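Model the full assembly from the supplied sequences, consistent with the hints where possible.
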Amino acid sequence: MKKIQSKFTKSFKNILLLRSFPVRIYVVAGLFFVVINLLTVRFYRFQVANYDYWKNKALAQQFYSLNLGPERGEILARDKDGNLHHLAVNKHIYNLAVSPKDIEIDPEQAADFLAGQLNLPYEEVLKKLQKKDDPYELIAKNISEETIAAIQERGFKGLIIEDEKSRYYPLGDFASHIIGFVGFDDKNEIAGRYGLELGFNEKLSGSGPSAEEISQTIQKGSFLGLNNIYIKNGDDLVLTIEPIIQKETERLLKEEVEKWSAKSGNAIVVDPKTGEIIALANYPSFDPNYYPQEKDLSVFLNSAVSLRYEPGSVFKPFTLAAGLSSGKITPETTYFDGGEIKIDGRIIRNAGNSAPNKYVSMALFLQRSYNLGAVFIQTAIGNTFFRDFIINRLGFEGKTGIDLPQEINSSFSNFYPPEGRSINFATASFGQGVAVTPIKFIQEFAAFANNGLMMKPFVVKEIKKDNGKIIVTEPTPIRQTISPGVIAQAIPLLESVISGEHGSGKLAQIKGYRIAGKTGTGEIPREDGRGYSDQVNHSFAGFGPVSEPRFVILTRIEDPKGVRYAEATAVPLFRKIMKFVLDYYAIPPDAPEELN
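Just add 9 to the spot in the sequence shown (first one is 1) and you have the numbering used here.
Keep in mind the hints are simulated off the structure, nothing from the lab.
Just so you know, these numbers come straight off a predicted model, no measurement behind them.
Virtual Cβ for every residue (Gly too), placed ideally from N, Cα, C.
Please note that a few of the clues may not be correct.
Cross-link-like lysine-lysine pairs, in silico, DSS-like; alpha carbons within 25 Å at most [as the list claims (entries may be wrong)]:
| # | residue 1 | residue 2 |
| --- | --- | --- |
| 1 | K100 | K150 |
| 2 | K166 | K136 |
| 3 | K150 | K136 |
| 4 | K585 | K570 |
| 5 | K367 | K337 |
| 6 | K465 | K256 |
| 7 | K473 | K100 |
| 8 | K588 | K268 |
| 9 | K150 | K140 |
Simulated DEER-style distance windows between Cβ atoms [what the hints assert, rightly or not]:
| # | residue 1 | residue 2 | range |
| --- | --- | --- | --- |
| 10 | E211 | T339 | 49 to 57 Å |
| 11 | G410 | G477 | 22 to 30 Å |
| 12 | K408 | D111 | 26 to 34 Å |
| 13 | P427 | P484 | 40 to 48 Å |
Right, here's the structure in full:
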């Protein structure tokens with residue numbers, strides 16, 4: 010019995026001490042079984058139960074480690090000395106994430122450091138760092154390069170720094186309506202929203218793999234497919250805008266709009282020989298770096314190309330050109346102005362109810378901007394000729410074709426049945442009942458400064474391709490809208506508006522220079538479409554030097570308070586801009602000495 014007990018005790022000890030080979034086999038097999046089951050459960054949680062969660066975490070890390078997208082082209086402008094100014098550039102912003110399971114230092118110490126650098130709540134950061142089994146936790150987005158550099162300098166294992174591309178506009182609200190801005194499209198990729206960023210989005214974007222293509226490649230577990238993806242960086246745009254003139258034009262426009270508590274304003278400077286836009290300013294403007302902060306989305310719209318207004322008397326030079334072209338009017342023609350006339354049962358009067366009650370010359374008609382003078386010319390040439398000249402010869406209903414997006418047509422619907430009555434043609438002769446965009450108006454008016462030849466306006470001077478090739482935009486003539494002979498007759502009359510004793514544009518005079526132009530005060534229609542409000546648009550269009558026109562400028566002030574006529578607002582604004590431009594380019598004076 011004792012032998013049996015001793016044998017059993019010895020066997021039991023061998024089992025406990027794993028000295029028996031079969032026992033060791035069973036124990037190892039059991040442990041292996043347990044480990045396999047634990048791993049199976051864990052893998053199930055990772056790959057099945059929480060598949061989407063961990064897949065997105067992994068993709069986030071892998072995607073940000075790749076920099077396969079094309080660089081968006083930049084937008085630049087060149088000043089008169091050839092120096093390039095950057096208007097829209099690419100900027101890198103950084104996101105910071107961590108892999109808590111890889112952090113080797115004390116989480117509390119790491120949280121204290123990161124919270125201090127990023128100005129985040131300590132508890133919030135610590136909570137993320139304490140997720141020991143988590144390979145990815147986002148800590149902060151949109152971190153400056155300086156802060157990232159400081160974090161990297163201290164650094165510790167487990168940090169994940171993600172580099173993202175963004176768009177940056179170094180000059181803030183400078184030329185914002187021309188440049189526009191970018192946002193994210195439905196594929197979460199950068200795309201233009203307004204301005205050139207929108208109009209040239211395809212050229213600026215370049216070509217390469219989309220985020221979706223990269224994501225699909227990563228999910229397949231191989232990067233070999235990326236070898237076949239061609240990447241082409243976006244084209245750079247160099248504008249016709251002269252940065253110094255643009256900046257000063259914006260400053261002067263803002264000053265004038267705010268001085269008169271006006272609603273808005275435009276100022277455009279164009280080279281009549283080429284159609285190059287030297288400056289295009291709208292106010293109010295916006296900073297494209299902070300466009301999400303704008304509450305009034307209408308501020309993004311480029312009113313110079315996307316909004317119409319009734320120009321008023323600034324339209325009269327075209328009525329004069331129609332009369333001169335018909336042969337029924339000459340610069341020496343006179344008419345009797347009694348202050349009012351009745352057409353289709355409606356009374357038309359001169360502005361301010363002025364009634365000279367005498368014969369008026371074409372020069373005085375323009376200088377004093379008599380409405381009845383325009384009606385006289387339009388009546389003399391007839392509705393059909395007038396409509397044909399404005400619509401077909403000048404092409405006022407068509408778009409300019411400028412290389413800015415969202416341009417709209419001007420409106421001359423009153424010229425057609427059932428609205429095409431004599432009263433509509435009469436009011437159109439002095440710029441009421443018709444509506445034009447500022448860019449269309451200056452394109453048409455610039456023909457007076459280019460011997461009657463109308464040019465296509467443009468703002469993109471050069472397109473620089475990724476391969477180094479440069480495409481230069483050549484000036485594009487549209488057509489001869491007014492004959493050189495008519496231009497020769499019209500210019501002295503337009504010049505008299507500034508230099509004449511009774512000229513409404515006398516405040517546009519610049520010592521040493523001959524300037525031609527025309528004022529305009531157009532009534533603003535009521536929002537309900539019933540007649541006109543007591544609000545007005547002030548405009549002035551002019552060019553100089555008359556002997557060799559270099560610049561055409563249009564100024565418009567919408568709804569100025571406390572002043573009725575453009576002589577007090579748009580005209581002085583024109584003079585300030587024109588004088589600055591003439592001085593900046595050192596244009597020689599052309600006025601006779603006795604007029605200096």
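Against the structure, the hints come out as follows:
1. K100 x K150: Given pair K100, K150 holds - Cα atoms ~14 Å apart, limit 25 Å.
2. K166 x K136: 18 Å, holds
3. K150 x K136: With Cα atoms ~17 Å apart, K150 and K136 stay inside 25 Å; holds.
4. K585 x K570: OK: K585 and K570 at ~21 Å, within 25 Å.
5. K367 x K337: 21 Å, holds
6. K465 x K256: 24 Å, holds
7. K473 x K100: Answer holds: K473 to K100 is near 20 Å, not above 25 Å.
8. K588 x K268: 20 Å, holds
9. K150 x K140: The given pair, whose Cα atoms are some 20 Å apart, holds under the 25 Å limit.
10. E211 x T339: 49 to 57 Å: Distance hint for E211, T339 holds at roughly 52 Å.
11. G410 x G477: 22 to 30 Å: 28 Å, holds
12. K408 x D111: 26 to 34 Å: 60 Å, violated
13. P427 x P484: 40 to 48 Å: For P484 against P427, whose Cβ atoms are near 41 Å apart, the range 40 to 48 Å holds.
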